[in-house]
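Student: Chains A and B, in that order, give the protein sequences.
Residue 207 in this note's numbering sits at position 207 of the first sequence, with consecutive numbering throughout.
Residue 249 in this note's numbering sits at position 249 of the second sequence, with consecutive numbering throughout.
It should be emphasised that the hints constitute simulated quantities derived from the structure, not laboratory data.
A portion of the hints provided could be inaccurate.
To be verified - Straight-line C-alpha distance at most 25 Å; calculated SDA-like pairs for lysine to any residue:
#, chain 1, residue 1, chain 2, residue 2
1, B, Lys123, A, Gly285
2, A, Lys256, B, Met272
3, B, Lys123, A, Ser289
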Amino acid sequence: MAGVTAGDVALEIEDLAVEYQSRGSTVRVLPGVDLAVNRGEILGLVGESGSGKSTLALAILRLLPANGRVAGGRIVLDGATNLASLSEESLRRVRGRRIAMVFQDPLTSLNPVFRIGSQMVDVQAAHCDHRVRRRDRSEYLARAVSLLRQVGLPDPEQIVRAYPHQLSGGMRQRVVIAMALSLEPGLLIADEPTSALDVTLEAQILALLREIQADRDLSILFVTHDLSVVAQICHRVAVMYAGQIVEQGEVADVFKSPQHPYTEALLATVPSRAQRGRALATVPGQVPSLLGELTGCRFASRCRYQQEICHSEAPRVVNSGASEAVRCHMRDPSSAFDHELVPSP
Amino acid sequence: MSESPGTPALHPAPLLQIQDLSVFFPDGGQVAQFVGPRRGVRAVDGVSLEVAEGEVVGIVGESGSGKTTLALAALRLTRATGGSIHFGGADITHLSGSGLRHARRHAVMIFQDPHSSLSPRMKVSSLLMEPYHIHDVPRGERYSVAELLRMVELPERLANRYPHELSGGQARRVGIARALALRPRLIVADEPTAGLDVSAAGAILNLLQSLREQYGTAYVIITHALNVVGYLADRIAVMYLGRVVEQGPAESIYDTPLHPYTRALIAAIPDMDSRAADAAAPVRGEIPSPRNPPPGCHFHPRCPFAVEQCRTVEPVLEEARPAQWVACHRWREVAATPQLPDALRGAETGAGSG
Numbered sequence: 001m002a003g004v005t006a007g008d009v010a011l012e013i014e015d016l017a018v019e020y021q022s023r024g025s026t027v028r029v030l031p032g033v034d035l036a037v038n039r040g041e042i043l044g045l046v047g048e049s050g051s052g053k054s055t056l057a058l059a060i061l062r063l064l065p066a067n068g069r070v071a072g073g074r075i076v077l078d079g080a081t082n083l084a085s086l087s088e089e090s091l092r093r094v095r096g097r098r099i100a101m102v103f104q105d106p107l108t109s110l111n112p113v114f115r116i117g118s119q120m121v122d123v124q125a126a127h128c129d130h131r132v133r134r135r136d137r138s139e140y141l142a143r144a145v146s147l148l149r150q151v152g153l154p155d156p157e158q159i160v161r162a163y164p165h166q167l168s169g170g171m172r173q174r175v176v177i178a179m180a181l182s183l184e185p186g187l188l189i190a191d192e193p194t195s196a197l198d199v200t201l202e203a204q205i206l207a208l209l210r211e212i213q214a215d216r217d218l219s220i221l222f223v224t225h226d227l228s229v230v231a232q233i234c235h236r237v238a239v240m241y242a243g244q245i246v247e248q249g250e251v252a253d254v255f256k257s258p259q260h261p262y263t264e265a266l267l268a269t270v271p272s273r274a275q276r277g278r279a280l281a282t283v284p285g286q287v288p289s290l291l292g293e294l295t296g297c298r299f300a301s302r303c304r305y306q307q308e309i310c311h312s313e314a315p316r317v318v319n320s321g322a323s324e325a326v327r328c329h330m331r332d333p334s335s336a337f338d339h340e341l342v343p344s345p
Numbered sequence: 001m002s003e004s005p006g007t008p009a010l011h012p013a014p015l016l017q018i019q020d021l022s023v024f025f026p027d028g029g030q031v032a033q034f035v036g037p038r039r040g041v042r043a044v045d046g047v048s049l050e051v052a053e054g055e056v057v058g059i060v061g062e063s064g065s066g067k068t069t070l071a072l073a074a075l076r077l078t079r080a081t082g083g084s085i086h087f088g089g090a091d092i093t094h095l096s097g098s099g100l101r102h103a104r105r106h107a108v109m110i111f112q113d114p115h116s117s118l119s120p121r122m123k124v125s126s127l128l129m130e131p132y133h134i135h136d137v138p139r140g141e142r143y144s145v146a147e148l149l150r151m152v153e154l155p156e157r158l159a160n161r162y163p164h165e166l167s168g169g170q171a172r173r174v175g176i177a178r179a180l181a182l183r184p185r186l187i188v189a190d191e192p193t194a195g196l197d198v199s200a201a202g203a204i205l206n207l208l209q210s211l212r213e214q215y216g217t218a219y220v221i222i223t224h225a226l227n228v229v230g231y232l233a234d235r236i237a238v239m240y241l242g243r244v245v246e247q248g249p250a251e252s253i254y255d256t257p258l259h260p261y262t263r264a265l266i267a268a269i270p271d272m273d274s275r276a277a278d279a280a281a282p283v284r285g286e287i288p289s290p291r292n293p294p295p296g297c298h299f300h301p302r303c304p305f306a307v308e309q310c311r312t313v314e315p316v317l318e319e320a321r322p323a324q325w326v327a328c329h330r331w332r333e334v335a336a337t338p339q340l341p342d343a344l345r346g347a348e349t350g351a352g353s354g
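Here chain A stands alone, though its shape is the one from the complex (with noise of 0.2 Å):
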């Protein structure tokens, strides 16, 4: 990527790899990923299930299961810190205070027994240095209520005294979004914020997070299975196939000409209202299993353009199109792939 310089880089993955322990054998579910997002932007992270997108969005704050690690590979945010060979110590510090997180269930980052308030006052004593006094605790809880009503929640004096379960799923949602903007952090990482709600919810919580992004400069990754949704309020996509990021651009431009075949199927499955009433598009086959030895292009065999080269050589990542990155043979004018033999549209 040319004439983009270190400071306006927020977080730059540079050859991350993650393996998994399971059964006695090691699994790497991702063999390098290289990914960056850039300051003040959101970036999507899209993929289906099992496309290791959250293992991904996990490793970052290395929040991996206990099964897993991060095997090679550097973090780096904002071109200093190396959050992969970050003492546990340190990273704690990192955690919500530079790197925050949202996840699907809002109930998974809220405590049940302790009232919202409460949270979101120890939330910010955790990461104060000094010795928290009363009158800290006090001051933390005003903040709070201003944070709640920063996201858009009616009445945050009566929300601070209620406890999670008195909330609707949106509300929740709400609120661990105010609580990872409590200290005020460069990145936030958003796995699926959206996915357990209701369509007029989903839309009200991605104009909030577009909103929050562009007041406070805020970066985002957000990590997602639907492509209307990064449509909806991402600049730029990052597509994830099978542990490995096989196109990337701006997102105009990805949605406009995709130059990956998987980011094109993928496109073709959004029911559009358009299509009412025709067959819909499918990504016919499934992902290939990360157990055995995988030669080639990992999408191959679902691929519509497939070709020999595509079984037996792994495809160089390019410029292709407008898009910045993309992984195929067929984008590749160095592979031996024939262009003379691609079916038409």
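Assemble chain B onto chain A, guided by the hints.
Tutor: Chain B alone, transformed into the frame defined by chain A:
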């Protein structure tokens, strides 16, 4: 209500006819019922709906709208507290025992979470044969395990698997196959695609569509996402806090929605061509608690068209356009206002690549 909205008298005996159905869940135990005023949740509040033979009807609404309770009550899986249910011309409202079991053979439900509706201790083959044992179906009238798997486009080798070894999409298909086993006249599917990836969800919808064409089964599809039923349904009923606020042919609901809530639902469909910032939030606020619904029109606190009348007088369904029924005092004003997303977006364009 004297006349039920929905399909007019063209179909003399609809397959399923629900009239003025109510489901009330009272608070507290038996004693509480005799002390003080009756309190509780009116989950379904006087709903009338018809499903013709071979028709696909979509019931759309957000969490708490009562759509699932309506379906459960229609199949007598939860007790209705008022109204009547006719299936195949017979009154099944108060049926019990063998009569009810017989009716359930012809009207089956596919539940939302496939993993909680499939016994974890049974193999797929036994799960598929279970309905036959329950209903004592003679051997000659049964499909084989292989046939059922083929109908839902699953490989035969899955017959020996347990539910936890199936993917979400595969488990859905097993649920559908179990429903098809009895050759029912009506299948009620609750959120058939919730929790699936777009591609897997599309495949399930395609499957339902092709099964419908092959077997002529009628479907009721319950969902919170209008775009799911937009693809399949002939008619759509939109529910809000226990009431049907609009129903009509799918095209009319999509192209000329008359209830402000229907409009909000359509505007909320994430579209490849819009940005969240442009569309703003299509509707403010959240669905209120059904325990304490707002007076008058339930939707008035969230409605941009609300006037004084909406706060006090409950609107009834009226046939605003042929076969399109709406419960809104202000539908004429709504109809005269351009729809928000279209007004912002200009001409509609198709999504994605060709």
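Student: Does each hint hold? Answer for all of them.
Tutor: For each hint, the structure was consulted:
Between B/Lys123 and A/Gly285 the CA atoms are separated by roughly 24 Å; this keeps the pair inside 25 Å, and the hint holds. Taken as a hint, the A/Lys256 and B/Met272 pair is honoured in the structure, with Cα atoms around 10 Å apart against an allowance of 25 Å. Taken as a hint, the B/Lys123 and A/Ser289 pair is honoured in the structure, with Cα atoms around 23 Å apart against an allowance of 25 Å.
Going down the numbered hints, you'll see the structure goes against none, and every one checks out.
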